[in-house]
Amino acid sequence: MTFSVYERITSISKKTINESYKIISELLIKDFQNGIFRTQKEIADDCYVSLSTITKFSKKLEVSGYRELVLRLKFEKEKTSPKPKQEDIKTELSLDNIDILKNIYRWIIKNQNWIDDFTNKIKIYNKITIFTSYQMIEATEFLEKILTAKNIIIKKVYAENEYLNFEKIVEKNELKLAIITGKDNNSLLNFYLKQFFSNDSSNNYLITSNGNSSKLEQLKYEKKLILDFDSNISGYARKFLAIIILFEQIFECIKNI
Numbered sequence: 001m002t003f004s005v006y007e008r009i010t011s012i013s014k015k016t017i018n019e020s021y022k023i024i025s026e027l028l029i030k031d032f033q034n035g036i037f038r039t040q041k042e043i044a045d046d047c048y049v050s051l052s053t054i055t056k057f058s059k060k061l062e063v064s065g066y067r068e069l070v071l072r073l074k075f076e077k078e079k080t081s082p083k084p085k086q087e088d089i090k091t092e093l094s095l096d097n098i099d100i101l102k103n104i105y106r107w108i109i110k111n112q113n114w115i116d117d118f119t120n121k122i123k124i125y126n127k128i129t130i131f132t133s134y135q136m137i138e139a140t141e142f143l144e145k146i147l148t149a150k151n152i153i154i155k156k157v158y159a160e161n162e163y164l165n166f167e168k169i170v171e172k173n174e175l176k177l178a179i180i181t182g183k184d185n186n187s188l189l190n191f192y193l194k195q196f197f198s199n200d201s202s203n204n205y206l207i208t209s210n211g212n213s214s215k216l217e218q219l220k221y222e223k224k225l226i227l228d229f230d231s232n233i234s235g236y237a238r239k240f241l242a243i244i245i246l247f248e249q250i251f252e253c254i255k256n257i
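Heads up: the sequence shown is residues 1 to 257, going by our numbering.
Among these hints, one or two may not hold up.
Lysine-lysine pairs mimicking DSS-like chemistry, simulated, CA-CA at most 27 Å apart [what the hints assert, rightly or not]:
1. K14 - K60
2. K127 - K224
3. K74 - K155
4. K150 - K121
5. K41 - K74
It is worth saying that the hints were derived from the structure and are not from the lab.
Taking the hints into account, I'd like the entire structure generated from these sequences.
Written out as structure tokens, the structure is:
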């Protein structure tokens, strides 16, 4: 069984006889629960230990050092963000269903140029790396299934990917799609997209909500598709439905290749 870093820290807090490790682990647990991630120096100062002690503690958790430790904790925290309840989704989609679908299909038509350009790139490269927020992992898996059916190679990147291997994930100049929605995307933006969406923009495509647009200003991309089909776009269900319909339209454009 593979344990998360947080679970390993919890285990140390309960079982260790090393008093310094116990103090460090208890502070990290408290910070994790409150969404706080301190620097190595701050942890050392607050626990009255040396920086080297923090490094040794980190390595005991089977990571390379404190930097990787805090990155993994951030990833795990984002992964545990609560998902929308089924009853909330049903309520959201039960309101004016026909109008919602009409708005989505109008949005699809308005953005046909984005779809055509993106699908043409898929036909050229026959492979794509998809960076996705946790909120849209299930939608991304749907896209993966329909593209794989056409023998298109798919690689997915999100927070649970191994951080130490992320530089090997993406090849230079390959086609990349980022789906940025919700609030659970800071690690994805800071540690993946700023790395891979910083140079040549011609093969970089974005799908994002209005609320995340300001976060993407430093990224370089060919085309951006904003989920602006509805004035009430804050809900998860409507965004999910729109992206599923968008992906179905993409499949229609490539199904004859």
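Tell me, in ascending order, the numbers of any earlier hints that this structure violates. The structure breaks none of the hints.
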